[in-house]
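> So you can see what is in the structure, the chains are spelled out below.
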Amino acid sequence: MTTVEHAVGATGASGRVGLNRQSITGLVFGLLGIALLAGVAPAISGNSRRFNFEPPPDPAGIGFHPPTWVVAIGVLFLLTAVLGFAPPEARRWASPARLLSALAVIPLLLVLSLALSDNPSTNIVNLFNESLVLATPLALGATTGLWCERSGIINIGIEGTMLAGAGIGYMTYATIGDAQSTGWLWFSILISVLAGGLVAALLAVLSIRFGVNQIVGGVVINLFALGLTGFLRSEVIVKTGITTGVGTSEFGLPLLSEIPVIGDQLFRGKPIYWMMYLVVIGTWLVMFRTPWGLRVRSCGENPHAAETLGVNVVRIRYQSVILGGLIAGLAGAWFSMESQTRFEDNMTNAAGFIALAALIFGKWTPWGAFGGALLFGFSRALGTRLQFLGVEVSGFEIPSEFLQALPFIVTLVVVAGAVGRSIPPAAAGQPFQRSK
Amino acid sequence: MNGARNANAGVGRAASQIHRVLTEAWRLQPLYVSLYAILLSFVVGGVLISIIGVNPFTAYWALLRGMVGGGDEIAGSVARSVPFIGSALALAFAFRAGLFNIGAEGQLLAGGITAAYVGALSWMSDLPGFVAIPLILIAGTMGGAIWGGIPGVLRTKTGAHEVISTIMLNSLVLFGVRWMVNSRDPVVLRDTESTVPRTDPISDTAVLPELVDSQPVLHVGLFALVGICFVVAFVLKRTTFGFEVGTVGLNPHASHYAGINVNRVIVASMAASGAFAGLAAASEISGTNGFFQPGTFFLMGFDGIAIALLARTNPVAIIAAALLWGSMLSGAPLMQQEADVSIDVVRIIQAMVLLFVAADAIVRYLFRVRELDQSPFKATSIEGAV
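First to last, the protein sequences are chains B and G.
Read in numbering that gives the first Met the number 0, the first sequence has 15 at position 16, and its numbers run on one by one without any break.
Read in numbering that gives the first Met the number 0, the second sequence has 350 at position 351, and its numbers run on one by one without any break.
Source of the hints: derived by calculation from the structure; they are not laboratory data.
Every residue, glycine too, gets a C-beta built ideally from N, C-alpha and C.
A hint or two may mislead.
The calculated EDC-like cross-link candidates involving lysine to aspartate or glutamate, where the alpha carbons are at most 20 Å apart (straight line), are [unchecked claim]:
1) B/LYS269 - B/GLU300
2) B/LYS238 - B/ASP344
3) B/LYS238 - G/GLU337
4) B/LYS238 - G/ASP212
5) B/LYS269 - B/GLU129
6) B/LYS362 - B/ASP344
Rough simulated footprint, nothing fancy, chain G against chain B, three-plus residues with beta-carbon under 8 Å [unchecked claim]:
7) 201 to 212
8) 215 to 222
9) 251 to 261
10) 317 to 329
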């Protein structure tokens, strides 16, 4: 990799002809801004639309005039573009402007989709809540990846770890608790978590003890989990005759769920959803605020330097990978015992890979990864909502696949470094051998 | 005293000589790890089968008969293996260049949808078979090559690692083809008369001739993919480009200083890699299915990793490894039918094969296999790629 960059260095620099990343971003926003002002704003319907904050009947909300909003966001984009080319002394405003513009894409999408729909209003608090709920397994999976990669182990087996957690947990629930009893439900979620840890331990042994290529190790996990859960489903779960059961139930957070209008929608949720926040906050605290977290990060950046300072790199890597696996197991439990109460083959359906994308999008930081997961969750929720609203552009429905694919394109752009380059931990993927 | 020692040394020398001659002659040494890995995986699978109360020998006997129990079974097994040759070749070629192409999954989809699109074009039915068939195969190959080339370009131009970019591209193409195949409004490529989402059937002229009417059909695509394996073996061994690919795979730094255009080799290897996957997909579309369905290629790209490693990235050995892989999948239903063992056992065994081939230290330790001085697995330098 280094060579390639080395070799590219020369061609890359001359190829850019003085255009740095800021100017490219500025250019993109400039073009978008012009398109919004000149193309989109005059074209969309001027009828007033409404964002509701609660379900009908008689919901609270705000009405708005779509073209005005489009013009406002277009002007913001143009400003960002101008600041991108501004003299250096004005540059300090460029960065916050870029961030603001990037965030403005979300209201823009909402305004546009409602303007293009026949429905005059939609509940956006509920949409936001759906995004958060759908982000649960992605945020957990991204946190798994964070723990592994920050300690220097690339984990593309998140998908398989989740699947194993989902399958083994539900199998336990179906066989012991008949998928009905709450006590056994919690026990089964614990089993899910432990199963995730166990699968991750396999990855850890392969990549740390045997020095197996970590990508191959991840593929082993994915294939193995798919086979194992399929086997368990047909040999155990199907034979119990239980197809569905009682999953985790919603509860409201005390006080917060009492807030009028939004409280009941935003602060009611199921337990694994709430645990997701604890895991993200806990990860951030432990990884960035404790000595052990510092050691984990040092193992991912420069294991040999860490070893020189007396850090037991091998042990730290085992601990982080297994910790990550436990988190992925919890994400698995979300699939088979919270989102739905059953198990299907390949139930996670590439969520592990999406989580990986969220991690990369978030530049290997806990909050970034959470943001990435939220973005992916939002695009999925919005995709469903658009179909529900029947949004049409010149007679064609917008396929939900487009919106679902959008975050992957954004991640690809981020990895390629066109906008805010994402760089992995330096030692991720490198096998470590103790100095003799 | 002296004589005895001499004799001893003589015997020792003779023994080592014989051992050397034997291994040289049969060249079995590189196969040991793979063979033992397969054996070990079946043992693990057998344990699993006995846990659910079935005699593993009964199950394996049924599996074996499902794989090679008769003419139809053999033909079916070979037919099932054909696309795996392509997907494994995609991985192996990239490995040789020090690249990890886990995007074969997506390249298969890209190649498949292109082939299905070209095959269903209205003017295809006017063309004679000897034009239409190469056309559909080339279309699929090109589709795969372009989708495989993108991560190569991204890596050389921006430094984005191919493992990450191919994961993104896999998802992108999956959403893309799903939309094309599912969408009714607008109709993109969906066959509107079909109840399941799939593309229009390809023109009759573009269908690869059938060899044996087995399940699945064994078609001429077999020769195309086996042929490509030998071509790749020749290219890697005897041509300048092949030498460059191997050198870049071993040490990109040294290659750069030796005057090899590393970037060009990387892009070309990724595109070639994607082309093999695309060809495999096109041959499936043209010979087996006659239309495109996204589910057809599920896991085929990831299986390619296992097959390529089992064959130690040797293009000719891939044929054998892919045959094993495909025939196990093809034989599994009989095992389920006769011994009442879930076909997923085969999946578990296959994952175990990959595990033991990758973690060859386990196998070497258990079976006391010496490490080769020049292990081809090491030479692929996939360790250094990431």
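> For every hint, state whether the structure bears it out.
Checked hints:
1. Of the pairs offered as hints, the one joining B/LYS269 and B/GLU300 is violated, with about 37 Å between alpha carbons and a cut-off of 20 Å exceeded.
2. Distance hint between B/LYS238 and B/ASP344 is fulfilled; the C-alpha atoms sit about 15 Å from each other, no more than 20 Å.
3. At roughly 18 Å between alpha-carbon atoms, B/LYS238 and G/GLU337 fall within 20 Å of each other, so this suggested pair holds.
4. Only pairs whose Cα atoms come within 20 Å are accepted, and B/LYS238 paired with G/ASP212 is rejected, the gap being roughly 36 Å.
5. Between the alpha carbons of B/LYS269 and B/GLU129 the distance comes to roughly 12 Å, so the proposed pair stays at or under 20 Å and holds.
6. Taking the CA atoms of B/LYS362 and B/ASP344, the gap is near 31 Å; set against the 20 Å cutoff, the hint is violated.
7. For a cut-off of 8 Å, the count of residues in the region 201 to 212 of chain B with a CB near a CB of chain G stands at 5, and the three-residue condition holds.
8. Taking a C-beta to C-beta cut-off of 8 Å, the region 215 to 222 of chain B contributes 6 residues in contact with chain G, enough for the three needed, and the coverage statement holds.
9. Counting residues of the region 251 to 261 of chain B whose CB falls under 8 Å from any CB of chain G gives 0; the rule of at least 3 is not met.
10. A count of 0 residues in the region 317 to 329 of chain B with a Cβ less than 8 Å from any Cβ of chain G is obtained; the coverage claim is therefore unmet, three being the minimum.
In terms of the numbered hints stated before, the structure departs from hints 1, 4, 6, 9, 10, listed from lowest to highest.
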